[in-house]
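Just so you know, the sequences run in chain order L and S. Okay, so the first sequence: first residue is 1 according to this note's numbering, each after it adds one. Okay, so the second sequence: first residue is 1 according to this note's numbering, each after it adds one.
Hints are supplied without guarantee of correctness; some may be wrong.
Some chain S residues well away from chain L (every beta-carbon gap over 10 Å; in silico) [claimed, not checked]: (1) I18; (2) Q60; (3) E157; (4) S198; (5) H234; (6) W236; (7) V265; (8) Q301; (9) Y356; (10) Y427; (11) F437; (12) A462.
Just so you have them, the derived chain L footprint on chain S, three or more residues with Cβ under 8 Å [as the list claims (entries may be wrong)]: (13) 83-97; (14) 366-376; (15) 385-395.
No lab work stands behind these hints: they were computed from the structure. What you are looking at is a predicted structure, and each value in this text was computed from that prediction instead of being measured. Built from N, CA and C at the ideal position, the CB exists for glycine as well.
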Amino acid sequence: MLDSLVNLVWLVPLASFLAAALTWACGRWLGRMVWIPCLAASAFGALWSLLVLIRVASSAPAAVLVDVFSWLQVGELDVTVRLLVDPLSSLMLFMVTFVGSLIVLFSVWYMAEERGYARFFAEVALFLGAMSSLVLVANVLLLYVFWELVGLCSYLLIGFYFTRPSAAAAAKKAFVVNRVGDFGFAIGLLLLWTLTGTLHYDQLLGGDSPAINSLTPPWITLIGLLLFCGAVGKSAQFPLHVWLPDAMEGPTPVSALIHAATMVTAGVYMVARFFPLYQASALATGTVLAIGAFTAFLAAAIAVTQTDLKRILAYSTISQLAYMFMGLGTGQIVGAVAAIFHVFTHAFFKALLFLGSGSVMHATHGELNIWKMGGLRRFLPVTHWTFLCGALALAGIPLFSGFWSKDAILAAVWEAEHGGLLVRVALILGLVTAFLTAFYTARAYFLVFWGEPRDEEVAEQVRHYAEDGHPGEGQQHGPAEPLTMQVPLIALAAGAVLLGLILALGTGGLVPFLGHSFGYAEAGEHGHHPLLLVVLSSLLALAGFAAAYPMYATASELPARLAALFRPLYVASSQKFWIDEIWLYIAVRPMLAVAAACRVLDTLVVDGLVNLVASIPAVLARVFLRPMHSGALQFYAIGMLLGLAVIVILVVLRAS
Amino acid sequence: MSWVLLIATFLPLVAGAILAIAPLERSACRVAALLVTATTFVLVTILCFAFDPAQGAVPQFTVDMPWLPGVSSVRLALGLDGISLWLMPLTALLCIVAVLSSWVSIEEGARGFYSLILVLETGLLGVFAALDVVLFYIFFEFTLIPLFFIIGIWGGEERRRAAIKFFIYTLAGSVLTLIGLVYTVVAYYQQHGTWTFSIPELVTNTRIPVEHQMLVFLALFAGFAIKVPVFPFHTWLPLAHVEAPTAGSVLLAGVLLKLGTYGFVRFSLPLTPVAAQHAFPWIATLAVAGVVYGALCAMAQRDIKRLVAYSSISHMGFCVLGLFALNEQGIAGGILQMVNHGLATGAMFAIVGMLYDRYHTRMIEDYGGTASVLPKLIVLAMIIIFAGIGLPGLNGFVSEILILLGAFKTHKLSAALAATGIVLGAYYMLTLAQRVFFGERRTPEAEDLRWYEAAALVPVAAVCLWIGLYPNTFLKPMLPAIQQTLRTMHSEVSAEVSQTRSRAGRVLTVGDSVRSIGSVFEGDGSQVARTSTW
Chain L
1 MLDSLVNLVW LVPLASFLAA ALTWACGRWL GRMVWIPCLA ASAFGALWSL LVLIRVASSA
61 PAAVLVDVFS WLQVGELDVT VRLLVDPLSS LMLFMVTFVG SLIVLFSVWY MAEERGYARF
121 FAEVALFLGA MSSLVLVANV LLLYVFWELV GLCSYLLIGF YFTRPSAAAA AKKAFVVNRV
181 GDFGFAIGLL LLWTLTGTLH YDQLLGGDSP AINSLTPPWI TLIGLLLFCG AVGKSAQFPL
241 HVWLPDAMEG PTPVSALIHA ATMVTAGVYM VARFFPLYQA SALATGTVLA IGAFTAFLAA
301 AIAVTQTDLK RILAYSTISQ LAYMFMGLGT GQIVGAVAAI FHVFTHAFFK ALLFLGSGSV
361 MHATHGELNI WKMGGLRRFL PVTHWTFLCG ALALAGIPLF SGFWSKDAIL AAVWEAEHGG
421 LLVRVALILG LVTAFLTAFY TARAYFLVFW GEPRDEEVAE QVRHYAEDGH PGEGQQHGPA
481 EPLTMQVPLI ALAAGAVLLG LILALGTGGL VPFLGHSFGY AEAGEHGHHP LLLVVLSSLL
541 ALAGFAAAYP MYATASELPA RLAALFRPLY VASSQKFWID EIWLYIAVRP MLAVAAACRV
601 LDTLVVDGLV NLVASIPAVL ARVFLRPMHS GALQFYAIGM LLGLAVIVIL VVLRAS
Chain S
1 MSWVLLIATF LPLVAGAILA IAPLERSACR VAALLVTATT FVLVTILCFA FDPAQGAVPQ
61 FTVDMPWLPG VSSVRLALGL DGISLWLMPL TALLCIVAVL SSWVSIEEGA RGFYSLILVL
121 ETGLLGVFAA LDVVLFYIFF EFTLIPLFFI IGIWGGEERR RAAIKFFIYT LAGSVLTLIG
181 LVYTVVAYYQ QHGTWTFSIP ELVTNTRIPV EHQMLVFLAL FAGFAIKVPV FPFHTWLPLA
241 HVEAPTAGSV LLAGVLLKLG TYGFVRFSLP LTPVAAQHAF PWIATLAVAG VVYGALCAMA
301 QRDIKRLVAY SSISHMGFCV LGLFALNEQG IAGGILQMVN HGLATGAMFA IVGMLYDRYH
361 TRMIEDYGGT ASVLPKLIVL AMIIIFAGIG LPGLNGFVSE ILILLGAFKT HKLSAALAAT
421 GIVLGAYYML TLAQRVFFGE RRTPEAEDLR WYEAAALVPV AAVCLWIGLY PNTFLKPMLP
481 AIQQTLRTMH SEVSAEVSQT RSRAGRVLTV GDSVRSIGSV FEGDGSQVAR TSTW
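Bound-form chain L, shown alone (with noise of 0.2 Å):
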């Protein structure tokens, strides 16, 4: 009974695809209830990953592997769907379906209004098909299928208001980035393949001889490198970071399941699950290291002074994605395990946190710019208490649970201090960010829940949506808070304050679970959190948090006063650090300048080419034939015949 809840875990997936398929024939019949099969599905998918987690569990540290069937085989390549559920996979999977049930109900009420109301079930049904099997698969090859197929939910759900022209290029930019890091990642995976004749984990990294201990070190630090070029682009890691902040242009609740909780943390996923490989590599860990760590920093520079809420939040999340990558750039499996918890609690409170900046859209009828608002906690208590719980979390503040993950990365990486240079700087790094996430976070939460309204019209459109439940004029449409909103929110909430302390002290941390996951090493020595770090971080995002208070929570000429005194940085801060115009202009444009030069070259060089060799014999003829020169086609072909009769005849008798 509990072995074959293990063994048919491939029904978790199948449920999502069959509702994505029945929510897209069947949509127009549905009617409003078209969010049945999607939340549905993912309720189911839940439960049943839930049993599996704590089946995982309780169980001896065991891997199982489930074969399901053949997908592609040619020769010796070998495409078996196979599933591995170990104490990685389930916990990512659990992740996935129940913070991604939540988010379908708060989509039911948060969608209500909008056209293409089936679409966005059915695409959202189809995400979390395929991000549950993403983190299932047991197959380099079927990893780089789903892999793919999440940036196509991502792609179509980032367009969904696919009218407005920004979401359309917002769309393009974010497929188009992450074919940029999946080049690296199929480039990996080719030269794994050749070097290793599989593309199986469990041959890859298990057993008593894993394949990748018969790679040379230069070929496992390559291969390392080449996957991660994968992870940065879907885990929007500096350079190819661009396109996240850029796909909020998607509903919100996308924002919350795609680009916050779910996917882009595939690429952590992909590395924690190729830890092994990474570990046999100091040149790879160190490179996913030095990425963390500066991709932190300057995601979080940028967030202090950007204005609008939901790329504040985008920014975060690439700098939270970033300390998971310092975790996993330590090389131990501590760091490993601590940038999973960091998954894990940050899936629920950067959900968490979009889903009330969801809400608080609504409440301003689509308005952004925090600058714009303040004082929304007296029209919408649930959504401040909630968001509040998850602005303590992002920011780091004790005994919440964004306090407990971040803490268990920035003691991975002072423990492996011996490391050097690279290892100091990177703890810098990640204590500067600690402070200055608690700060653009309370600079976030202040400006729009407390104070007074600073702009008029969306305090109007504020007044009357707490009234009666709809943004300006119309009908009635219920309470501005019903319970499908706020059941999700709490739910979440709960998690953002319990869930660190829970999993950190509860059952003795994550290390002796995750610690066993697939091909893992023994993890020795438990990670310690040396106190003096725990004091100084959480010193940090107490001064993070409580410096932003007098600047943002009441009118305050401080922060126009800040940015005059550092101009350049403020400037530099809020223009992105420029890297868009950067990749414009060292790789799109000359790209295209390069096809219209394509283009030119093609019409007059290698076509010229071939009219001129096609008008030799018309010139010859001219000259020579000028009253056979009677048509083209007759001449040509008649030419060509006798000139063929002429070459047959020749070959044949120098052949015999």
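Let chain L serve as the given structure and place chain S on it in line with the hints.
Frame of chain L, contents of chain S only:
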């Protein structure tokens, strides 16, 4: 079952001939053409179901009878093996698409138009079904004639120039191919003392002396490469596509280009394996150049049809790269890519035609936000676009990843460079989608998907999905034929090697063949260097 193949192949020709002289109205003509192409498709589908995948290496449903009076060795020989099998339903399906996409756009001379389409169908099916080299070449050249008239009569403003350029260019190449084929037949006669024109017999039992192989290879290559078209022999293609009516573009891109790659697998690889190996660095260079260059040219186009035409050059570059990787994954990917490119690009041209029927422009800048006017058509268009840019779950991914795996095994750098085509492809196709389908609406109201448009596109999209979701169905019958080809190649290569290295006296066993042929180029692609290590 042999009769089904015979009927399926010649039914369109007979029907086309009758249609040409029957006094029918335009609407009756198109219905008749639809019925004939649909019947042909059903017959071909029956063959696909009846095909025994385990025996994919041996031609099935064979027909063999004399047809030239007095020349008994030239036969009307038809049959399908794993290599040609899927190209038959591809052709039959795209002919239906061609008929349906002309439903309203062809107003003048419909009778002649549809009879030419039907005649062309027989030509195309005949190339793939022919087991006799004379028959093959007749069909191969014959396809040019109906297409010449389709472009030259029903084409755009520069139709005459386009038709003549297309005709002369491809004819010039295939004359050289003919020389190569004649040489092969003569060589067989000298070795065995009998005349045969049977393709299976020729390709397995003709030993072309190593010193002649490169010449024969180049002769065959000339005609096939222009058809594909391999960069830089491609310039007839954009012109022909832009000027051709929609049906012409569908069949030109969908099927006609595959005659070239089919010729590579059918003749070049087994007849001249040593030359094929020696030529790999050159072919790979041209293929990769085609992938990248075609993509870049596509990116700079303003005419949607030209864009799709250049994307064909890019995708066919992949196909050639896979075939010449000379291993199971590469060749299987290459053959599947023929089918996939035919489906995706054929449907893409049909979609461009549907947009043109409504708005009478092919310029990207004239469009915008069509998704809000034509939601159903655009959903189908997006499926086809994603099939084209290799999204997993759809067909293009399977063939591209097989090609990359196969090519990477043979030569890492060329596969890696070709993979950039995937990034570029996503960029220009999604830019096209962004500008034409999404954004603010700039086109007037128009009727969404009509029944004949749905009938053209939905089956293609369904097959794209099938191949993407369960490729084994399509790969299983292919693999025995590919292994057979590789065995043939290897036995010749090892014969050559044992000749040149007779003092060592080491001959590889057939069991190693599949792997060793692939490993010939591992590293820097220099065959000479590797041969000495055997």
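Hints and how they fare:
1. Residue placement check: I18 (chain S) keeps its beta carbon more than 10 Å from all beta carbons of chain L (closest about 28 Å).
2. Distance check for Q60 (chain S) against chain L: the nearest CB is about 21 Å away, which clears 10 Å, and the non-interface claim stands.
3. Every C-beta of chain L lies more than 10 Å from that of E157 (chain S), the closest at about 17 Å, which supports listing it as non-interface.
4. Here S198 (chain S) stays apart from chain L, with its beta-carbon at least about 20 Å from theirs, past the 10 Å limit.
5. Not every beta carbon of chain L lies more than 10 Å from that of H234 (chain S), the smallest distance being close to 8 Å; the non-interface claim is violated.
6. Chain L draws W236 (chain S) into its interface by the beta-carbon criterion, the shortest separation being 8 Å against a cut-off of 10 Å.
7. V265 (chain S), annotated as away from the interface, keeps every beta carbon of chain L farther than 10 Å; the closest lies near 15 Å.
8. Some Cβ of chain L comes within 10 Å of the Cβ of Q301 (chain S); the nearest lies about 7 Å off, and the non-interface call is violated.
9. Non-interface call for Y356 (chain S) relative to chain L: holds, since the shortest CB-CB distance, roughly 22 Å, exceeds 10 Å.
10. A beta-carbon of chain L is positioned within 10 Å of the beta-carbon of Y427 (chain S); the least distance is around 5 Å.
11. At the 10 Å boundary, the C-beta of F437 (chain S) falls inside the reach of chain L, the nearest C-beta of that chain being 7 Å off.
12. With a minimum CB-CB distance of about 13 Å to chain L, A462 (chain S) clears the 10 Å threshold, and the non-interface call stands.
13. With a cut-off of 8 Å between beta carbons, the segment 83-97 of chain S has 0 residues touching chain L; three or more are needed, and the interface restraint is violated.
14. For the segment 366-376 of chain S, the proposed coverage by chain L is satisfied: 3 residues have a C-beta within less than 8 Å of a C-beta in that chain, meeting the threshold of three.
15. Counting residues of the segment 385-395 of chain S whose beta carbon lies closer than 8 Å to any beta carbon of chain L gives 4, which meets the minimum of three for the stated coverage.
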